[in-house]
Amino acid sequence: MIKILVIEDEVEIRSNLLELLTLEGYNVVGADNGMTGLLGAFEHLPDLIICDVMMPELDGYDVLRALRQEPKTIATPFIFLTALANKGDVRQGMVLGADDYLTKPFTRADVLTAIKSRLQKQAASQAQLLKLQQEIQLFREGLSGNQVELLTNIRQHMKEAATKLEIVVNILKALPPSEQRERSIALVQNVCASDIKILSQIPNFEYLLETTSM
1 MIKILVIEDE VEIRSNLLEL LTLEGYNVVG ADNGMTGLLG AFEHLPDLII
51 CDVMMPELDG YDVLRALRQE PKTIATPFIF LTALANKGDV RQGMVLGADD
101 YLTKPFTRAD VLTAIKSRLQ KQAASQAQLL KLQQEIQLFR EGLSGNQVEL
151 LTNIRQHMKE AATKLEIVVN ILKALPPSEQ RERSIALVQN VCASDIKILS
201 QIPNFEYLLE TTSM
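Take the sequence shown: its position 150, counted from the start at 1, is 150 in full-length UniProt numbering, and no numbers get skipped.
Honestly, the hints are just simulated from the structure, not real lab data. Check before you lean on any hint, since a few could be wrong.
As the list claims (entries may be wrong) - In silico EDC-like pairs for lysine to aspartate or glutamate, Cα to Cα no more than 20 Å straight-line:
| id | residue 1 | residue 2 |
| --- | --- | --- |
| 1 | Lys3 | Glu57 |
| 2 | Lys3 | Asp99 |
| 3 | Lys116 | Asp100 |
| 4 | Lys104 | Glu43 |
| 5 | Lys116 | Glu19 |
| 6 | Lys104 | Glu19 |
| 7 | Lys72 | Asp62 |
| 8 | Lys3 | Glu160 |
| 9 | Lys72 | Asp110 |
| 10 | Lys121 | Asp110 |
| 11 | Lys121 | Asp99 |
| 12 | Lys104 | Asp9 |
| 13 | Lys3 | Glu24 |
| 14 | Lys116 | Asp99 |
| 15 | Lys104 | Asp59 |
| 16 | Lys121 | Asp62 |
Since this is a predicted model, take the numbers as computed values, not measurements.
Go ahead and model the full structure; you've got the sequences and the hints to work with.
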């Protein structure tokens, strides 16, 4: 069940909101001042917060500022309730991270529409984040798979190279000590050089050997 925290120092407004949201099927928590509301937000971790702007001691701006500094509440949808409707107040709230404003007096439809809109946007954002995380994971898995495949190919090539070198060594052993010695040495050098050249063309070869062997 979706949980909504209502922070409002006016008893009648707070009671009306709690009753309305309860009838709409929301799980509601009420707070009669900013400090109680802030502590309630950290304790209950609501899905959405409705908060009055003008409150004694800790006003709505202070509440929002504190919430946005905590990782667990930094993205919680936040709707201001205010009798102030000038652009400066709205701008201040938006800069702090408010998602919406409801100007008093507001109607039942105003409240429910604002809540529905915020929750839908939050759900869409979470879905996009999840999709992005899944894509990143798949990308990482793809990179790991490519690295393993590349390392397998490298090891196979090195095995084949060792076999070729062994053949060359056997040929050299079969030759008389003085027969075409320089030519034989050059042959070995050419074989080794070609294999080394192939390996040197592979980016981050040593790094791949280390990471794929973990």
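How the hints compare with the structure:
1. A threshold of 20 Å between alpha carbons decides the hint, and for Lys3 with Glu57 the separation of about 26 Å lies outside it, so the pair is violated.
2. Proposed proximity of Lys3 and Asp99 is supported: the alpha carbons are some 17 Å apart, at most 20 Å.
3. With a CA separation close to 12 Å, the supplied pair Lys116 and Asp100 stays within the 20 Å bound.
4. Of the pairs offered as hints, the one joining Lys104 and Glu43 is violated, with about 28 Å between alpha carbons and a cut-off of 20 Å exceeded.
5. Of the supplied pair hints, the one linking Lys116 and Glu19 holds, its CA atoms being roughly 17 Å apart against a limit of 20 Å.
6. Distance check on the hinted pair: Lys104 and Glu19 sit about 17 Å apart at the alpha-carbon level, within 20 Å; holds.
7. For the suggested pair Lys72 and Asp62, the alpha carbons sit about 17 Å apart, so the restraint of at most 20 Å is met.
8. Under the criterion of a C-alpha separation no larger than 20 Å, the hint pairing Lys3 with Glu160 is inconsistent with the structure, at around 65 Å.
9. Of the pairs offered as hints, the one joining Lys72 and Asp110 is violated, with about 28 Å between alpha carbons and a cut-off of 20 Å exceeded.
10. For a cut-off of 20 Å, the pair hint linking Lys121 to Asp110 stands: about 17 Å separates their Cα positions.
11. Between Lys121 and Asp99 the alpha-carbon distance is near 10 Å, which keeps this suggested pair within the 20 Å criterion.
12. Distance hint between Lys104 and Asp9 is fulfilled; the C-alpha atoms sit about 14 Å from each other, no more than 20 Å.
13. Of the pairs offered as hints, the one joining Lys3 and Glu24 holds, with about 12 Å between alpha carbons and a cut-off of 20 Å not exceeded.
14. About 12 Å separates the Cα atoms of Lys116 and Asp99, which keeps this hinted pair within 20 Å; it holds.
15. Proximity of Lys104 to Asp59 is assessed by CA-CA distance (about 16 Å); at most 20 Å being required, the pair is judged to hold.
16. With a C-alpha separation of about 24 Å, the suggested pairing of Lys121 with Asp62 is violated against the 20 Å cut-off.
Figure legend: structure checked against the earlier numbered hints; hints not met, in rising order: 1, 4, 8, 9 and 16.
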